[in-house]
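> With chain A fixed as given, assemble chain B onto it according to the hints.
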Amino acid sequence: AQTVTQSQPEMSVQEAETVTLSCTYDTSESDYYLFWYKQPPSRQMILVIRQEAYKQQNATENRFSVNFQKAAKSFSLKISDSQLGDAAMYFCAYRTYSGGGADGLTFGKGTHLIIQP
Amino acid sequence: DTAVSQTPKYLVTQMGNDKSIKCEQNLGHDTMYWYKQDSKKFLKIMFSYNNKELIINETVPNRFSPKSPDKAHLNLHINSLELGDSAVYFCASSQGAAETQYFGPGTRLLVL
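Note that the protein sequences, when read in sequence, are chains A and B. First residue of the first sequence: 1, per the working numbering; consecutive thereafter. First residue of the second sequence: 1, per the working numbering; consecutive thereafter.
No lab work stands behind these hints, which were simulated from the structure alone. Just so you know, nobody snuck in bad clues.
With a straight-line Cα cutoff of 25 Å, these simulated BS3-like cross-link-like pairs (lysine-lysine) come out:
1) B:Lys44 x A:Lys109
2) A:Lys73 x A:Lys55
3) B:Lys41 x A:Lys78
Covered stretches of chain B, going by a simulated chain A footprint (3 or more residues, C-beta under 8 Å):
4) 38–45
5) 99–106
Which chain B residues stay away from chain A? Per the calculated CB distances, all over 12 Å, these:
6) Thr7
7) Gln14
8) Pro61
9) Asn62
10) Leu112
Just so it is clear, CB atoms sit at the ideal spot from N, CA and C, and this is done for glycine as well.
Only chain A is shown next, with the shape it has when bound in the complex (with noise of 0.2 Å):
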C-alpha cells in the first residue's frame, strides 16, 4: 500500500517571504499522480497543483511551485511571495494510475501553516 508522509506538522513564515513544506511517499508504482490541496479555517479541500508522475518538468500554478523529485520520492511545495490568505492546513496526496478503477486518493496527515503578518 501506498503511504505519505509529512514530516513538518507545523510551518510559519513571514508574509511575503517563501517557504517550502515536505512531502514525501512511498510506492512500487511508475505511473501515479501527485497532489497538494489547501484546507483554510472553512474547510473547504481546494486543490493547489498536480503532478504526473511521467512528466519531469515541475508543476507550477502562479506563486506555488512544486519540486518533483521521482527517484527520491519526493514532492514539496514551494509558496513564493507567501499572504496572509494562504494560512491553511496542507495536504499532500498520492493517487495511482489505475487505468479505469475508482481508486481514491491516500493524503498525508498535512502541515498547518501559519503566515505572520
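Leaving out everything else, chain B in the frame of chain A:
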C-alpha cells in the same frame, strides 16, 4: 452553481440512530468518493464508485453504505451510529479515475 454539494453541513444525532448524508455533483463526472476526516484532520478514503465498480476501504465498518441513485449523486447511509463516527465527511468527484478530484464542503457529524 456549486460544483459538489453536500447536505446537511452539520448533523448532530444520538448514538444508535441511522442517518444519511447526501452528495450531488453538477460537473458531469462519472466517479464519486466519500472521505472521512477525523479529529486530527487525517483524511481517509472510505468509498470510490463509478459505473463499473464500488471500491470499499477494508477498514470501513459495514454500518456505512454508499448508495448512488444516478451518476450525479452518491449518498452515504450510516446505521447504528457510534461515538467514533463523529468526524467531517467529504464527498468528491472526478471525471475518470485519473483526473483531479473536486471536493464538497464537508458534513460535520457529531454523535452524542
